[in-house]
Structures are given as C-alpha cells and as structure tokens.
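Undergrad: Letter by letter, the chains look like this.
2 protein chains.
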Amino acid sequence: MTVTSRQIRLAKRPVGLPDISTWELTTEELPAPGPGQILVAVDHISIDPAMRGWLNDTRSYVPPVGIGEVMRAIATGTVIASESPERPVGSHVRGMFGVADHVIVDAATTDPIDPAIASEATWLGALGMPGMTAYFGLFDVGRLRDGETVVVSGAAGAVGSVVGQLAKARGCRVIGIAGGPDKCAWLEEIGFDAAIDYRQGDVTAKLRELVPGGIDVYFDNVGGEILDAALANLRRGARIVLCGAISSYNAEDLPPGPQRYMALLVFRASMTGFLVFDYADRFPEGVAAIAALIDSGALVARETVVGGGIEGFPEALLGIYQGINTGKLVLTVP
Amino acid sequence: MTVTSRQIRLAKRPVGLPDISTWELTTEELPAPGPGQILVAVDHISIDPAMRGWLNDTRSYVPPVGIGEVMRAIATGTVIASESPERPVGSHVRGMFGVADHVIVDAATTDPIDPAIASEATWLGALGMPGMTAYFGLFDVGRLRDGETVVVSGAAGAVGSVVGQLAKARGCRVIGIAGGPDKCAWLEEIGFDAAIDYRQGDVTAKLRELVPGGIDVYFDNVGGEILDAALANLRRGARIVLCGAISSYNAEDLPPGPQRYMALLVFRASMTGFLVFDYADRFPEGVAAIAALIDSGALVARETVVGGGIEGFPEALLGIYQGINTGKLVLTVP
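Residue numbers (our numbering), protein chains in the order written: chain A, 72 to 405; chain B, 72 to 405.
Heads up, some of the hints might be wrong.
[Unchecked claim] Computed list of lysine to any residue pairs in SDA-like fashion (alpha-carbon distance at most 25 Å, straight line): (1) LYS83/A with THR98/A; (2) LYS277/B with TYR132/A; (3) LYS83/A with SER319/A; (4) LYS277/B with PRO327/A; (5) LYS83/A with GLY139/A; (6) LYS83/A with VAL133/A; (7) LYS83/A with PRO135/A; (8) LYS277/A with ASP128/B; (9) LYS83/A with MET167/A; (10) LYS277/B with ARG130/A; (11) LYS277/B with SER131/A; (12) LYS239/B with GLY368/B; (13) LYS277/B with ASP324/A; (14) LYS277/A with LEU325/B; (15) LYS277/A with SER131/B; (16) LYS277/A with TYR132/B; (17) LYS239/B with PRO252/B; (18) LYS83/A with GLY137/A; (19) LYS277/B with LEU325/A; (20) LYS83/A with LEU126/A; (21) LYS277/A with PRO326/B; (22) LYS277/B with THR129/A; (23) LYS83/A with ILE138/A; (24) LYS277/A with ASP324/B.
[To be verified] A few chain B residues that don't get close to chain A, going by computed Cβ distances all over 12 Å: (25) PRO85; (26) ARG143; (27) ALA179; (28) ILE395.
Everything labelled a hint here was simulated from the structure, so no lab data went into it. As the structure is a prediction and not an experimental result, all values here were calculated from the model. Cβ atoms here follow ideal geometry from the backbone N, Cα and C, with glycine treated the same way.
Using the sequences and the hints given, assemble the complete structure.
TA: In structure tokens form, the structure reads like this:
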C-alpha cells in the first residue's frame, strides 16, 4: 500500500499577516510504516494563535518552522496502517502531525485518544493543549483560591472559555472579555458572571464598574490595551497569568509594552509567563479533572470546526486572528 | 521651652520635574511635647526616589502629600525634650518626620536607633528602608538561590548597592548597571563581578556578553530601556523583582511599558512588584543580617551626604534623579 500525502509547507517567512505567498502545497508518496511506526489519516488539525510565532526566525521556546518544512500543527487522526501493537489500525491518535492529510510517525510520539470520552475535536480543545493551558495556568501559575475574582481575556477562545468555567467550578466570580455580542452572550450562557465586549468602548472603565474590589487573577490571552486595562484594576496580591498576546502576533514591529506595568508594584502583584509543555508529566491530572467536569455538565467544551481540508489552512489561520472562532478552532480534513 | 520649626511644604503639584514653585518654606512655633510625645531635632533627612510619586494626586500605595502639607520624608534625629520614658532626651530616633528641622511626634511612631552600630545616615540607608528593600526584595520576592546570576540596575544607589553585596555574600555572580565610570569603578571595588555603564552604549548587548547563560534574578530600580535589556537576557525561570522605575518618575505622560514583556512567557519568568512596608514585622531580621555583614566587612554601607539644611531639599531631590549619589542620598540638617 502506498498513500499520497499532501502537505502545507512554509514557502517564505511572512511580514505581518501571512498571505498566499507564505505557503506552498506539496505532495509526496508515503512508504509503508517501518517498525514502531504508524500511518495516520489526519482528521482534525488544531489552529492555534501560537502558530504565527513559529513562523518568525527568532529565538523562542521552540525553533521556528524552517523554509520548506511542513507547517507545524497538532492534529488528530485514525491509524490506517500500523507496525506498533499499541496503536492498532482503527485507533485514534493525537500528535504533532503538521498540516498534512497523511503522515507516518513513530507511534511513541503520539497519544492515544478515546472517542468515547469526547470527540477528536475536543481532544484538541478542552482535553488538549488549550485545556491543559487553562488548567495549569489558572491553578499552578495563577494559584487560584476558591471565591476569588478572575478576569480572562480571549474568554470565548479555546483556552479562555475553559479558564472561566474552571474558575466558576471553584466558586469564583468570573468576568470574560471577548469580541462581539455573540461571544459575550455565549459566555453568560455557560456561566460567566459577566462579559465585556472590548469592541464596545472602554474596558478599563467597564472593569472598574464590574470589579470594584479589583482582580485577583487576570488570565491574559491577548496583551495590548486589554492587559493595561487589567493592570489598572488589580487587587493587592493579584496574579497575572501570561498565556499569550494574540493582539500582537502579526505586528511587524515589536508593539508597545504594558504602560501600566508599575501597577504590579502598587498592588504587590506578579505577572508570570508559562508554557504548557512544562507540565507534560501532569497532563493526565488535567485531562481527568476537565473530563470529569465535562461529564457532569459543569464544563461545556465547544469547537468551531472549519472545513476545506489542508487547502483551507491559510484561511483558517487568518481566521483565528480575526476571532472567527468560539471555543477551539479546528480544521477538518475530509 | 518653645522651639521654632522650619518646614518644606508642598505648595503646588509639579508637572514633570519639581521646581521652585513646587515648594514653600514655613515656620511655626512648637509647643512642649504632650504625654507620650517627644520633640526631635532632625539631623538627617532621607532623599528617596519614591518621593516624586508622592507628589502626584493619583491612587497609589500611600495617599499623595496634600497641598500645604509638610513634605513626607523619613529622617533621623536627637530627642531634645521627652514625655516618653522609652525615648529619653539625648537618644536617637528615626521616623516619618517630614522635611522639617524640628518635630513633635508620638514616641510610639519612632524607632530607636543605636549610633554604636552605625551612623544615623546608615540607619537611613543600609540599615533603613533601602537595606530592607534590598533584603526582602532579593530573598523573599526574588527567591534568590546560592550561586545564581543576579543583575541589578541603579546598582550604585542605596538599594542596588546593598542588593549586589547581599547576593555576593551568597556566592552569586553579580552584575551592576549604573551611570558613569566612577560609580562602575566603585561597584567593582565593593565586589561586583562586573559593572555596566548604561551611558556607554548598548546594555542589551553588554548583558548578552557578560551573562551568556542568562539572568536568574533581575532587581529593577530603573525601568525603561534597561528593563527591556534585562528581559532580552533572562534565563528560564528568571525572577524580575520590580522595586522602582526611577527613569520615569518625572515623566509628564505615562512612559512606554516594557516592550519585551513577552520574554516572561518564553523564559517562564515572573515580574513581581513589592513594597517594603509589607515586611515591617520582619525588619529586625533584615537589620540583624545586614548589620552582621557590615560588622564583618562583607558589606560596605555608603552614603552621599549633602548639606544645606531643609532649604537644600529641593535641590537634593532633583539630585537623586540626576544620580548625584553613590549609595544612600542623605540631607543633613545643621
């Protein structure tokens, strides 16, 4: 059996927003899997805000995607040929498969996923990296205590929506910041105490009104002016969890930093960055906790699924920066 | 006995640098001290970078100095009349006396100081708030571990010079950042491994050269571009201790924030603000530790003493933002 694989590769490093010249579509014949390897038919590809950063040739937490390399992506799929007894044909797996419709990988680099617990898309969302990011960011980095006041930006996204629901499950007051009335309405529907539409006016003033006593934990997915709005509304001893800065990922120059950072001093507060990969050995704990909340109905896992196969990747990637998604953005591969 | 007291009061809130119209000199007759009170002849007034912030009518960790109020200052002096058995005439005290040559205060609001341990000026410096700021900032906020690499800005100042020497005493590698060759030479004289003169070129590049493995603890007294230079040179797990931002205290508009703050994410690092007053119940621990190092010769306490009495205050205050001091800046009152 030979299988033809189609991939999206990085043709050229983008300046600002990636465009059509950033990518090239390539095709290759895959051999049969070797010992310990599996052939995976990719079903779902995770579209992540962090992807833009992987395209820059700068020192970061992972090496950049090289010119001519398949675009890095986490994905799920079905094993269609196997030389690994632990990943039999027909089983479902998750791994760093890249933007490709078929891949051969070492079975040991994949995680088995159980569709009886949740859909493949949810294994990329609430039970995947975004869920783990929410869980360890909120509890370990943010040291959340029951009953505190939590504000999360990018609240209707894959990470933010889990952050807010995890905090609600701990009896916290939770305010979400998101873009547009539909997202805000959804946040209130899933239990957020209030939602702020950052497109409608002054977030700083809105926070002051909604959180007069100040924020205990601010979980930041967006950076920019919203981070400054949160800094202006901290409570003493506040923790800012720095998860992302989607507002600036496509900026051509380094955007302005948080002007109000000295609020950290006034409020004896901290701002701490983290990367979810550092918690890999504790992912089973995070998955178990979130799966239990999904099972009990206390946590809604939502995905926005876009079609179009791997050819749809360039547009889907732009979509995440336009905020087209509610919950996790996933690209399906037919 | 009546005593005439002369004070410097806030006449007008400054915009940018304070000037002569900011202040007024007033005189008043003091009555005899009442029960529990003492009359203090002020000898030394502490000139602190934080003073500029106290002049702004904005929400902060302490209320602003009111128009017409005596300028807030920590000072030391000699008790010249006492209705408190615990602070007899002739004893030395420290307290929030303000910029005045004589004050009547409740004895309970003062600390006794022992000139046999160190001079009054040192009780305002290495054994005063700056020393406590260095000690609790470095060990509690910065969680310094033996042998780590420490970078401190404002290194030749009252706080910075103690930070560096405390870290050296714990076997750390210490780089100081200061303004001018004399200060840098002094830092190397008191044991810093290297000093960077920020007036001579690119601090980011200099740090990269001196600290190729990255910074574990960056103790920031200055903010601005030097904070960005440190952010660009962190080691994984680094802690930034946010103590001050002297570079911006006189800015008329909120200055730019740290553009490279997302380095906190890449390096899994934190930036934490603190105020030394929160450690008041542990000051005896800090004083004992620093006094022991002074006694053994492991720590040099240095002060820059300027004269001129309380009339010299406006100029002395400008001086701290010009960096005229090496070590603690103290104004003497004849």
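Undergrad: Taking the hints in turn, state whether each one holds.
TA: Tested hints:
1. Between LYS83/A and THR98/A, the direct Cα distance comes to roughly 18 Å. Compliance with the 25 Å bound is thereby established for this hinted pair.
2. For the hint pairing LYS277/B with TYR132/A, the CA-to-CA distance comes to about 23 Å; that is within 25 Å, so the pair holds.
3. A distance of roughly 20 Å separates the Cα atoms of LYS83/A and SER319/A; the hinted pair therefore holds under the 25 Å criterion.
4. Proposed proximity of LYS277/B and PRO327/A is supported: the alpha carbons are some 23 Å apart, at most 25 Å.
5. Restraint check: the Cα-Cα separation between LYS83/A and GLY139/A comes to about 8 Å, which is no more than 25 Å; the hinted pair holds.
6. Our distance criterion of 25 Å between C-alpha atoms is met by LYS83/A and VAL133/A, whose separation comes to about 18 Å.
7. Using a Cα cut-off of 25 Å, the hinted pair LYS83/A and PRO135/A holds, with the two alpha carbons roughly 12 Å apart.
8. Under the criterion of a C-alpha separation no larger than 25 Å, the hint pairing LYS277/A with ASP128/B is consistent with the structure, at around 22 Å.
9. Under the criterion of a C-alpha separation no larger than 25 Å, the hint pairing LYS83/A with MET167/A is consistent with the structure, at around 21 Å.
10. For a cut-off of 25 Å, the pair hint linking LYS277/B to ARG130/A stands: about 18 Å separates their Cα positions.
11. About 20 Å separates the Cα atoms of LYS277/B and SER131/A, which keeps this hinted pair within 25 Å; it holds.
12. A hinted pair counts as satisfied when its Cα atoms are at most 25 Å apart, and LYS239/B with GLY368/B qualifies at roughly 13 Å.
13. For the hint pairing LYS277/B with ASP324/A, the CA-to-CA distance comes to about 23 Å; that is within 25 Å, so the pair holds.
14. Note on LYS277/A and LEU325/B: the hinted pairing holds, with a Cα-Cα distance of about 21 Å set against a maximum of 25 Å.
15. Taken as a hint, the LYS277/A and SER131/B pair is honoured in the structure, with Cα atoms around 20 Å apart against an allowance of 25 Å.
16. Between LYS277/A and TYR132/B the CA atoms are separated by roughly 23 Å; this keeps the pair inside 25 Å, and the hint holds.
17. The hinted pair formed by LYS239/B and PRO252/B meets the criterion: a straight-line CA distance of about 21 Å does not exceed 25 Å.
18. Between LYS83/A and GLY137/A the CA atoms are separated by roughly 9 Å; this keeps the pair inside 25 Å, and the hint holds.
19. With a CA separation close to 21 Å, the supplied pair LYS277/B and LEU325/A stays within the 25 Å bound.
20. Note on LYS83/A and LEU126/A: the hinted pairing holds, with a Cα-Cα distance of about 9 Å set against a maximum of 25 Å.
21. The suggested pairing of LYS277/A with PRO326/B holds, with an alpha-carbon distance near 24 Å, which does not exceed 25 Å.
22. Distance hint between LYS277/B and THR129/A is fulfilled; the C-alpha atoms sit about 19 Å from each other, no more than 25 Å.
23. The suggested pairing of LYS83/A with ILE138/A holds, with an alpha-carbon distance near 6 Å, which does not exceed 25 Å.
24. Between LYS277/A and ASP324/B the alpha-carbon distance is near 23 Å, which keeps this suggested pair within the 25 Å criterion.
25. With a cut of 12 Å on Cβ distances, PRO85/B stays outside the contact zone with chain A, its closest approach being about 18 Å.
26. For ARG143/B, the shortest C-beta to C-beta distance to chain A comes to about 17 Å, beyond the 12 Å cut-off, and the non-interface label holds.
27. The non-interface label for ALA179/B is consistent with chain A: the shortest C-beta to C-beta separation is roughly 26 Å, beyond 12 Å.
28. Distance check on ILE395/B: its Cβ is at least 24 Å (rounded) from any Cβ of chain A, clearing the 12 Å threshold; non-interface status holds.
Checked against the numbered hints above, the structure breaks none of them.
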